[in-house]
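Undergrad: Below are the chains, spelled out letter by letter.
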Amino acid sequence: MTGTHRPSNRRSKHKDFSVALVTTVVALVLAIPVLSVLWHAVFTDSSSWQHLADTVLSDYVWQSFWLCVWVASGVLVLGISCAWLTSRFEFPGSRVFSWALLLPLAFPAYIIAYAYTDLLDFAGPVQTSLRELTGWGFRDYWFPPIRSLGGAALMLTLVLYPYVFMLSRASFMTQSGLTAEAARSLGASRLRTFWRVDLPLARPAIVAGTSLALMETLADYGTVSYFGVSSFSAGIFRTWHGLGDMNGAMQLAALLLTVVVVLLSIERYSRRRQRVDQLGLAPNHAPPKLQGWRAWLATGWCTLPLLLGFLVPVAMILSWLWQKPPSLDEEFVELIGNSMLLAIAAALITLSLAILLSWLRRFYPRPWIKPAVASAGLGYAVPGTVIAIGILVPLAALDRQLNAWLLELSDWRPGLIFSGTVFALLFAYAVRFMAVALNSVQAGMSQISPSLDRSARSLGHGRWSVMRRIQLPMLTTSLLTAALLVFVDVLKELPATLILRPFNFDTLAVKAHELAADERLLDAGPVALTIVLVGLLPVILLSRNLRHPRSDQ
Amino acid sequence: MKWIALPLMVLGAALPWSSYAEQNEVNLYSARKAELIEPLLEKFTAESGIKVNLVTGKDDALLQRLKSEGELSPADMLITADAARLQRAKDAGLFQSIDSEVLNQRIPAHLRDSTNQWFGLSQRARVIFYDPAKVKPEQLSTYEALADDQWQGRVCIRSSSNVYNQSLVAAMIDDLGAERTQTWANNFMDSFARPPAGGDTDQIRALGAGQCDVAVANTYYYGRMLKSDGKDKAIAESVALFWPNQDGRGTHVNVSGAGVTQSAKNKAEAIKLLEFLVSERAQQWYAEVNNEFPVVQGVALDPVVAAWGEFKADDVPLNTLGENNQQAVKIMDRAGWR
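In the order they appear, the protein sequences are chains A and B.
First residue of the first sequence: 73, per my numbering; consecutive thereafter.
First residue of the second sequence: 150, per my numbering; consecutive thereafter.
Some hints here could point you the wrong way.
As the list claims (entries may be wrong) - Below, computed lysine-lysine pairings styled on DSSO-like, alpha-carbon distance capped at 27 Å: (1) B:Lys239 <-> B:Lys414; (2) B:Lys200 <-> B:Lys421; (3) B:Lys216 <-> B:Lys416; (4) B:Lys182 <-> A:Lys396; (5) B:Lys382 <-> A:Lys396; (6) B:Lys421 <-> B:Lys239; (7) A:Lys396 <-> B:Lys376; (8) B:Lys380 <-> A:Lys396.
By construction, these hints were calculated from the structure, which means they are not laboratory data.
With the hints as extra help, turn the sequences into a complete structure.
TA: Below you can see the structure in the form of structure tokens.
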């Protein structure tokens, strides 16, 4: 327990305990799908494990490994450089970039993959005009194949770098402002300050952003399957669907999960002694203006991810609309409504739970709570399909029990009230995207100095009161970020939605997928664009917030 | 807290919280995409007054959902897009036998389950397409021959994760045996013009653009390209269709099909829907809109489809495809077909 001046009596201790208990239970419930995957993997036999180990397993491992290496390099380089440039300097367009660089976040990776394939494939317009211009044929020239491991890494990088950009920018703008200035005044060059001060101080934020991007990469199925890349998640699907071996698929998923847990633990351990407390807000004067070629270089560099991650794919989709104009009908409006309702509800639920969990982790530091909270965030690294199965199986079992029991008690069977309704969907979203919300909320909380809590407590405020009056107001930016990220993620989510949704209930992502999976890209265009447009709204809100961080205090 | 309560209330009012159905309805789990099945369902509702509730999804996910829900499942009927999954559902005990004079009469025996647990609703053929400028039809004969030396680096085909390829190999196992199929698969890898990726349409496009000389794809994608009015039409018109294995077991054919679930609470309605789906008009509509082949004899083909000519179809009982599916995937894994 942290020091408190209030005499603790038995009643408040009892209350402490029950709060801790309730929240631990919440964390465990959120971990159910992951635990159910592990349970499956450990206690069931796979008919094809030997076959997998002999033939394709090493492929899955290496392809996923290289995918992660490339995506990590990509998001680190793009995310950090753009965040640093836009937060430390002024150059043509720097204000626009500070929010526009978030726009690719609204794109589901699989849609950007469709757009680029249409553009860059052998039969696409770029290579066709190249051949027409030069008279070359197939094998007469080399063109980077878009449907490849590198292509998949590029697609994922383009839509995932905003995580690193957003989190490291927030860090550059707040934490290290004063420190960086101190370093400059001591004669360090800008680049040296960047390497020695800015970067180390932003490390927690950068790591958080990168780990989100990598977890998303490992869970991605849409892009890798479209490009024929045999990553781990593609292998999970193949084992389940092709070999008809769900147990084998669950064992693969458990293996993937183990790797993620080990990596996350290594990372946490490596910075166990690091502590970043905020010195104060950044000094409130304009950043230096870049001149001449430096200015243009900065502008050009920041244009690159925006162009590739947003403008080109949007232009491609618009060209599909041009070829086949969409018809807006009632069904379309219903799709938008369904998607938004789900996304809003999931964002609110996930955020509330994330606040509860982070708050508990900070104020009731019991030994079992850290791992419990951490396990609640693991769902982000697991392919949505696996989460969905991890939810479907236990929830349906619960429903069956409940029905049998109620039937015995009365004559009434309520049916599948958990597994057959939106409840299952919202549960799946909470599990899948808890990591996004937790990361954001915890990052926000870690910037509130514990001394603030202690002073408030010493003035006689209880924990709830401290949370309501001090922490929540200080956390507004982080909370909003968390809610909006979850909103956008739910909007784009596909596999779990596909498996768990009730009758006559489709979303934009489901529709776009169905059309694209049926190889009708032109018809998928309007739906895909709508996902991006609906997702843009919160991204723009988010970016406004990023431009004036902590203006609420 | 008002700002939380409001959306939740709206949500509560707008979303279907109860999974239980009313009278005079059929609840359908469909692995066929909504676009391909909804118009037919609407016709059925208009004719019979029976409402159809629909969830679409991936075959195996829907199977798993049925399995987990057990006897509580609201689903009365499952539609899948290939025979292997129908067989998988049967093996898992998810279907029940249906005794319907209409179904037995209209659907040929090899296109339905021997115990009448599932029924084929439309046929799709997997064929060879070629570039007439580079390949003479006399050079083509069977799927097996595509592994010959002359085709080295000249064939486009999609990934082996795709069920169409899995069924094709499953059918081959039935004819040649596992060992010879393995040898074939090993040799076939040398015929790839590029690493397998993309969909069937993409293979035809790559063929049209000159990336390969021969492509393997299902006919209805070709039909759709022919009926489109963009660059795809020109591509489709520049390639030609070849019916493989005409001197042997016939061209590989798979079906989309359906069965009534073990848990069905609206069994009579579900049977009505099945019977409707094999009626003359439904079969014709299927054939027309998705360029597939009807399962019912004597139903008129779509003119575009009819122009491809008559062909001999492989009449291997379709449950064999399901039984061989796992072995097919293993063979492709060992060959290195990703």
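Undergrad: Determine for every hint whether it applies to the structure shown.
TA: These are the hints, each one checked on the structure:
1. B:Lys239 <-> B:Lys414: OK: Lys239 (chain B) and Lys414 (chain B) at ~18 Å, within 27 Å.
2. B:Lys200 <-> B:Lys421: At roughly 12 Å apart (the allowed maximum being 27 Å), Lys421 (chain B) and Lys200 (chain B) satisfy the hint.
3. B:Lys216 <-> B:Lys416: At roughly 18 Å apart (the allowed maximum being 27 Å), Lys416 (chain B) and Lys216 (chain B) satisfy the hint.
4. B:Lys182 <-> A:Lys396: holds (20 Å)
5. B:Lys382 <-> A:Lys396: holds (14 Å)
6. B:Lys421 <-> B:Lys239: holds (20 Å)
7. A:Lys396 <-> B:Lys376: With Cα atoms ~14 Å apart, Lys396 (chain A) and Lys376 (chain B) stay inside 27 Å; holds.
8. B:Lys380 <-> A:Lys396: Holds - the C-alpha atoms of Lys396 (chain A) and Lys380 (chain B) are around 12 Å apart, at most 27 Å.
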